[in-house]
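Peer 1: Each chain, letter by letter, is given below.
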Amino acid sequence: MAELVVPFTDLIQKQRDIVDEAVTKNDSLFVEGPPGSGKTCISMHIVRALIGEEIVRPLVLIYNNSLLGYLKTSFEQLGITDSVTINTKDKFYWNLKRQFKIDVDNNADFNEKRNTILNSLIERDIDLSYSIIILDEIQDFSDLEWKFLKTLSNRFILLGDFEQKIYTSDLDKSTLLTTTKHRILDKIFRFGEMIADLVQIFSKNNKDLKSLVEIRNDTTPAILDCADTNEENREIAEIIEARRNDGGRIAIISINRDRLAQISIYLKEKEIEHLHVEKNKDFANYDFSSNTPVLITSASAKGLEFSTVIVVGFDEDSRAVYGFRTYGGFEENIYVCLSRAIDHLYILRNPNTVQELQNLKVNELDSSDSEDDSWF
Amino acid sequence: MNYIYLDDADARKLFLNKYLSKSTFKGGSRKKTGVLSFHFGNNQKPIETMDSDLVFLSQFDYVNIDSKDVLKVYAKNYNVPVGFLHSDNKRKKSTLPFAEEESSITIDHKFLAIRRALLNSFLVFYGKGIPQIKQWFELYSSIKVLPDPFFELFQEIINSRELPTIKATGQLAKETKSVLQYIYFGRYLGKHFFEENNEKLDEKHKKWFEKLNPEEEMDVDKIPPMFKSIAEPIIGYNLAIKEMANERKRLRSSDYYPNSKSFRKKGEVDIYTIEFYQAFWTGSLKQDLDSYFHLADSASLLLAIEVRAYQMLNPSENINFELIDEAKQRIKKTKSDDKRSRNARFNKYCELVAGTKPEAKTKNDLLESINTYDLRSKSSLIFFLSNQKYLYRLKEIIGSFNDVENILLVYKYQFDKTSDDTDLNIDLVLGKLRRELSEYKKNANVEVLGKNLENLDDRDIVNNLKAFLKNHTTDKDFLFASDALEDKEIVKEKLWLGKALSPTPLFDENQDYLFVK
Chain L
1 MAELVVPFTD
11 LIQKQRDIVD
21 EAVTKNDSLF
31 VEGPPGSGKT
41 CISMHIVRAL
51 IGEEIVRPLV
61 LIYNNSLLGY
71 LKTSFEQLGI
81 TDSVTINTKD
91 KFYWNLKRQF
101 KIDVDNNADF
111 NEKRNTILNS
121 LIERDIDLSY
131 SIIILDEIQD
141 FSDLEWKFLK
151 TLSNRFILLG
161 DFEQKIYTSD
171 LDKSTLLTTT
181 KHRILDKIFR
191 FGEMIADLVQ
201 IFSKNNKDLK
211 SLVEIRNDTT
221 PAILDCADTN
231 EENREIAEII
241 EARRNDGGRI
251 AIISINRDRL
261 AQISIYLKEK
271 EIEHLHVEKN
281 KDFANYDFSS
291 NTPVLITSAS
301 AKGLEFSTVI
311 VVGFDEDSRA
321 VYGFRTYGGF
331 EENIYVCLSR
341 AIDHLYILRN
351 PNTVQELQNL
361 KVNELDSSDS
371 EDDSWF
Chain B
1 MNYIYLDDAD
11 ARKLFLNKYL
21 SKSTFKGGSR
31 KKTGVLSFHF
41 GNNQKPIETM
51 DSDLVFLSQF
61 DYVNIDSKDV
71 LKVYAKNYNV
81 PVGFLHSDNK
91 RKKSTLPFAE
101 EESSITIDHK
111 FLAIRRALLN
121 SFLVFYGKGI
131 PQIKQWFELY
141 SSIKVLPDPF
151 FELFQEIINS
161 RELPTIKATG
171 QLAKETKSVL
181 QYIYFGRYLG
191 KHFFEENNEK
201 LDEKHKKWFE
211 KLNPEEEMDV
221 DKIPPMFKSI
231 AEPIIGYNLA
241 IKEMANERKR
251 LRSSDYYPNS
261 KSFRKKGEVD
271 IYTIEFYQAF
281 WTGSLKQDLD
291 SYFHLADSAS
301 LLLAIEVRAY
311 QMLNPSENIN
321 FELIDEAKQR
331 IKKTKSDDKR
341 SRNARFNKYC
351 ELVAGTKPEA
361 KTKNDLLESI
371 NTYDLRSKSS
381 LIFFLSNQKY
391 LYRLKEIIGS
401 FNDVENILLV
411 YKYQFDKTSD
421 DTDLNIDLVL
431 GKLRRELSEY
441 KKNANVEVLG
451 KNLENLDDRD
461 IVNNLKAFLK
471 NHTTDKDFLF
481 ASDALEDKEI
491 VKEKLWLGKA
501 LSPTPLFDEN
511 QDYLFVK
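Chains as they are written, first to last, in my numbering: chain L, 1 to 376; chain B, 1 to 517.
FYI, nobody ran anything at the bench for these hints, they're computed from the structure. The reader is advised that the hints may include incorrect statements.
To be verified - Reference excerpt, derived from the structure (chain L facing chain B, CB under 10 Å, subset only):
| no. | residue |
| --- | --- |
| 1 | 225 |
| 2 | 245 |
| 3 | 346 |
Claimed, not checked - Straight-line distance between alpha carbons at most 27 Å, and here's what the computed DSS-like set of lysine-lysine pairs gives:
| no. | chain 1 | residue 1 | chain 2 | residue 2 |
| --- | --- | --- | --- | --- |
| 4 | L | 207 | L | 14 |
| 5 | B | 470 | L | 25 |
| 6 | B | 432 | L | 97 |
Being a predicted model, the structure only gives us computed values, none of them experimental. We treat Cβ as the ideally placed atom computed from N, Cα and C, and that holds for glycine.
So here's chain L without its partners, still in its complex pose (with noise of 0.2 Å):
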């Protein structure tokens, strides 16, 4: 089984501080960094260190489900299991929604019958607190959520990064700051520099990622040029061969949930043992310390990390990639896809896949294994 809490003494003296500052001075806290910077660990070591010293009975709100599966088996590690409630915020509010007997109009749109539900909660004061209140992804919350969700703790600590946007909200920085305490992680530990080139041509800020690294490893991403998708699909069971003994997670991670789909049709004839969920909910019960290699879209992934990642699937004629180029968030998926690994990345290109990853090319540092036949 995998630790997904890392050692306390594993923390940098900066997390550190910051887990000590949470713990002793009682404080709310908002936390700033880069993917992989170490936020949600960070959250959890403020958990382990309140165990036993106070009630600890967390609300955890997140905006997807791939996420609930990881952050309940961290919780299940750190034995809180009765007291905690875990979910993705908008089911937690439909919820109480039902609930609470709220009726809204069937016709208004999403944030119109968000709005009224939460208008509805705030009016009657509802029966309902917690310790602390862990939001991931603060940026995507709306005012008005955050003006209910204070009603139900007094205590905080808010996860995300202001530059890395991608829904509208009109949930303003200093609206937070006013009342948490505002600390930024500016490391990325979760891969090297040559993964971190790579993410920096996706990233919408304009930080140097490369700079932020700080990592033990080096690994070079290894781009896969592939005839068509029957041999990109030959190469993914290569890979999981060849990865699944290493101990870590793997995931085959596409913008396309068509083409994962097809994917898990080629693993089950070839008998390869893999996690492919029909609905992004059944990733809520899914045991993320497992190591059973998962099949999961781009937009499901976000917050996620693996030791493994195989970018599959960009293809420039599916559905998926003309939706998102239309609608917004195509790069955005991209960048969440190479952001995801911690040891491995395998990115796989037909003729088909889209431009962007067409162009990509990796600067290794070090050629000679690629070209050199001869082991020793």
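Given the coordinates of chain L, assemble chain B onto it according to the supplied hints.
Peer 2: Leaving out everything else, chain B in the frame of chain L:
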């Protein structure tokens, strides 16, 4: 000198590194306040080196700390057995140690890795029987330094926290981790021994090394000249790669994986030495061995291992150390005399072990102090409720005793599997109970918790009870009441309370042993 006195910074160093070097140690025959007093075990004293004095953690049988708060900091953050830490007063310290510390302690990763490596080699031989233990002591006596090319490699292992691999790029991108580690090792040997051959193994050595591929059956025969004197550590290294790959396979599969040793003994190599090195390399990476501490019978052995680890790193320092004979006698005697050696706990006897698990301690000692109906003078109340209709009982109790300032209500419920909806349902029930009680007893601090009886993991409720007790009461100054109808239920509630009275949070039921000398 029965004790040495260390300040917080030195104590941290000793706990984290398991040894401490100073020009001289201050000590005395009594424990002292304001410092940590480390009490030496039998016949122990600081070990003299050329320009400093050394102490190892295994030389001590306990440490006295004059504040329970400080004790908790050590117990919680420094992986020290609870029973190793003594404190006989409850003085609250206004400033905890380390709160104002500017720099963190430098960890001696090399020493810890060699300690783990040697300890693992011993545990492997110990598990096999008396002849093997004898072999281990012989190897201990003969292997005083790591053969020349391996010291640098050892540093690489420590840096990468695994047996190092080459980069999985180009043609190698789809090779397994064990092959990447094997190639790294082959290239490392080439770099070290064949500088004139472009740092590549020559044909004869390459041919021999190719037969040591950890993914295939190994053949160790016909050792080439340059590798003759170091064949055992080389073979041991490749077997370590294989062992670790098998361990990874085992973790992800219930299939049976054969023993990693897949070659027959050949006249040219010594099988015990190979096994020693295999265990040495794998052991260096087993972080959990840092949590192995000594008991009285194993103190001299662990000390022998720690001293040897220090010697390997500081070969120029002449350390006069004679304990190995005592260690030998004690271990052999224990192994042959005592059938307990067959039980799992004893086989891991160096571990953070021995004695009473919290449950046993609870039953024997703590429950007596929890008197259900001794109500009059209590300021805190814990009530276990399984049926909401009995909430009136709690109200009756509260109504009878004006002194109650803190109330903790534990609501027990049963769900096969909690879903997101049931979590929220319970949260709302808890919220309602809290409001009702807060309105009934307006001046009291009211906390409400849930416990799912279907969930066999008790850590959650125990740790929260612990927090309540810590913040609002002492172990005798609270009232405990319940609406449980069965004795079994009440016993379970008492057990939670009993566990909650132990000094540290419960993170792992299996490892939360108390240390007994």
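Peer 1: Hint by hint, note whether the structure agrees.
Peer 2: Okay, the hints, checked on the actual structure:
Hint on residue 225/L is violated. Least Cβ distance to chain B is approximately 12 Å, over the 10 Å limit. Interface restraint check: residue 245/L against chain B, minimum CB-CB distance 5 Å, threshold 10 Å, status holds. Proximity of residue 346/L to chain B holds as hinted, the smallest CB-CB distance being about 7 Å (cut-off 10 Å). For the proposed pair residue 207/L and residue 14/L, the alpha carbon gap of about 20 Å is at most 27 Å, so the pair holds.
Distance restraint check for residue 470/B and residue 25/L: the Cα-Cα separation of roughly 18 Å lies within the 27 Å cut-off, and the hinted pair is therefore satisfied. Only pairs whose Cα atoms come within 27 Å are accepted, and residue 432/B paired with residue 97/L is accepted, the gap being roughly 17 Å.
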